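Protein chains in written order, with numbering that gives the first Met the number 0: chain A, 0 to 327; chain B, 0 to 327.
To be clear, the hints were calculated from the coordinates, so they are not data collected in a lab.
As the structure is a computational prediction, the values presented were derived from the model and not from experiment.
Hints should not be assumed to be uniformly reliable.
[Stated by the list, open to error] If you want the footprint, here are the derived chain A segments under chain B, 3+ residues with CB under 8 Å:
#1 170 to 178
#2 282 to 292
#3 307 to 317
[What the hints assert, rightly or not] Under the rule of at most 35 Å between Cα atoms (straight-line distance), these lysine-lysine pairs were calculated in the DSBU-like manner:
#4 A:55 with B:232
#5 B:164 with A:316
#6 B:232 with A:232
#7 A:108 with A:209
#8 B:232 with A:108
Note that beta-carbon positions come from the ideal geometry of N, C-alpha and C, so glycine has one too.
Each chain, letter by letter, is given below.
2 protein chains.
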Amino acid sequence: MARAWHLMSRPDGLPTEANFALKELDQPALGEGMVRVANRFLSVDPYMRGRMNDVKSYVPPFALDAPMDGGAIGEVIESRDPGFAPGDMVLHMAGWRDEAVVPGSALNKLPQLGVAPEAFLGNLGLTGGTAYFGLLEAASAREGDIVFVSAAAGAVGSAVVQIAKAKGMTVIGSAGGAEKCDFVRSLGADAVIDYKAGPIVRGLGEAAPKGIDVYFDNVGGDHLDAAFAHARKDARFAICGMIDSYNGGEPASFRYIMRVIAMRIRVQGFIYTDYMARMGDFYRDMGGWIASGQVKSRDTVMEGLERMPEAFLGLFKGANTGKMLVKV
Amino acid sequence: MARAWHLMSRPDGLPTEANFALKELDQPALGEGMVRVANRFLSVDPYMRGRMNDVKSYVPPFALDAPMDGGAIGEVIESRDPGFAPGDMVLHMAGWRDEAVVPGSALNKLPQLGVAPEAFLGNLGLTGGTAYFGLLEAASAREGDIVFVSAAAGAVGSAVVQIAKAKGMTVIGSAGGAEKCDFVRSLGADAVIDYKAGPIVRGLGEAAPKGIDVYFDNVGGDHLDAAFAHARKDARFAICGMIDSYNGGEPASFRYIMRVIAMRIRVQGFIYTDYMARMGDFYRDMGGWIASGQVKSRDTVMEGLERMPEAFLGLFKGANTGKMLVKV
């Protein structure tokens, strides 16, 4: 019997395992045009926290006590769509479950790029695309820029570090703890700041004595304030995430936001899907960098559908280096 | 004997009269290329508060116990520059004094646009240009946009309201108190919020039930947070000033800044002088609107050089409707 995770109650602040329940999934018989997929890898992503609130945003909120969804890679095991045959590996959005029955129109067959299938949840998927379009489009980062990226050991951040190096930029990354900082350094970052070792505003000042041209924000809060403090003239910030604020609590407070004026800072919020028309560029560039070894991935993989909430909650505790995945 | 105001000490927080002293100005004999100007109108502007701190910014800090400077309109009374003759009306930066001796190269003869000379410190000067370039360039405001402007009864804000109406936008202005709100309504604003009557985030929600496309920020703080709360997709914010923060104190805190991501908000800091290359457009458009009556000015004029600090401090107490000037 297939199973799926349900959101049973809307979390107030940081979610806990008690907000979730794993329930049997009553799969219908396979109708015309439908495909049955055995999921192999499930994605957990920080944006899912927003979907747990009952608030209209760029993706609809999760319904209560209904199967949750999210990015997934699976193998077709039965098909009534002529475009798919058993054995095909597909990317789709019916995650948080071990088996999915979805219309063929909602499946993307993985292109043959000679990479592991789970890369399409990582550097060739949402996280890599978010890094690529955020850095190069939202922040208009160019060769020679000094780039600061927060959560640089995370899924998106580690891709930003490597894309920026591939494009000839100077990169400063922040991460929490010596092990993650070593990982960021191993990705080619020119300087790494351990934000747990002292105030980030001081760390960034030491790591970027000339200031920064670009900030790729995954964190918000004090990291964003530090970027305001050290921005050079005409700096550009791409705001990708504010993991510090996803679970509510105190409003973020900014001591240096007034520098937006003097430094003519541009702050741009963005979502990966804004750039779907340019996916061809992304696959070409990112596929090439992965093939050449300029962009590597390190995933944090938890085994078993049962561990989905644990994997998801781990995102807010810094439990992952690189992309967090669950192997079904 | 000419006199000039000196900054005697750097204010900590809100300045007081004790930070300033009016001193005799020992004017040199008029050297070759120099011009003596009797100042008629002196400008006080919020940006001058930043110059009172010993911090590198886009204009250098005021030196201690030396004549201060700032925008001024005056009449040439003696000239050793062949480009200027007694009786010429000129715009220059040797303000905060009753008489200035400056090189001819630092003077701009007022163009003959049939307007009062002091307009070149207002709608045809720094304030009008700041409104024009901030709204149309930094915020890329277009016909049909819903525009929110804070401090809408102030010098820059009142110009923003009128330019936006001249360009076919819907305009919501905020101001403090019934009298100022009436003034903003008289400028053509479609809705006016008295920020002293309740939380601005609620007032803006009522005044802009469909949300806003553009925010012209003169204030920062709660006004900026309210704009985050009510921004529509692809909203653009021009950050002109943050008068709430100029005098230091608590860091600004934001409850709604995370909407930058979902709404893809663009926040752009700017300075008037960034757009000097386009002054021709500005004089053409603004000159036309003033001639047609689409842009009017109402100045708050204090009489006498002695009142310069009082006029300047009034900017932070909401003492001005429209542009604050001192008539010498």
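- Assertion that chain B covers the stretch 307 to 317 of chain A - criterion: three or more residues, beta-carbon distance below 8 Å: With 0 residues closer than 8 Å to chain B, the stretch 307 to 317 of chain A misses the three-residue bar; violated.
- Task: Examine the stretch 170 to 178 of chain A: at least three residues should have C-beta closer than 8 Å to a C-beta of chain B.
- Result: Answer violated; 0 residues pass the 8 Å Cβ test.
- Would you say the stretch 282 to 292 of chain A counts as covered by chain B, given the rule of at least 3 residues with C-beta under 8 Å? violated (count 0)
- Item | Pairwise hint evaluation, residue 232 of chain B against residue 55 of chain A, where the allowed Cα distance is 35 Å at most | Distance of about 12 Å is within 35 Å: holds.
- Query: Within 35 Å, alpha carbon to alpha carbon, are residue 108 of chain A and residue 209 of chain A?
  - Reply: violated, 46 Å
- Given the hint that residue 232 of chain B pairs with residue 108 of chain A, does the C-alpha gap stay at or below 35 Å? With Cα atoms ~32 Å apart, residue 232 of chain B and residue 108 of chain A stay inside 35 Å; holds.
- Between residue 232 of chain B and residue 232 of chain A, is the straight-line Cα distance small enough, at 35 Å or below? Holds: residue 232 of chain B and residue 232 of chain A sit about 27 Å apart, inside 35 Å.
- For the pair supplied as a hint, residue 164 of chain B and residue 316 of chain A, confirm whether the alpha-carbon distance does not exceed 35 Å. Judged against 35 Å, a Cα distance of about 50 Å means the pair is violated.
In the structure shown, a violation is registered for the earlier hints numbered 1, 2, 3, 5 and 7, in ascending order.
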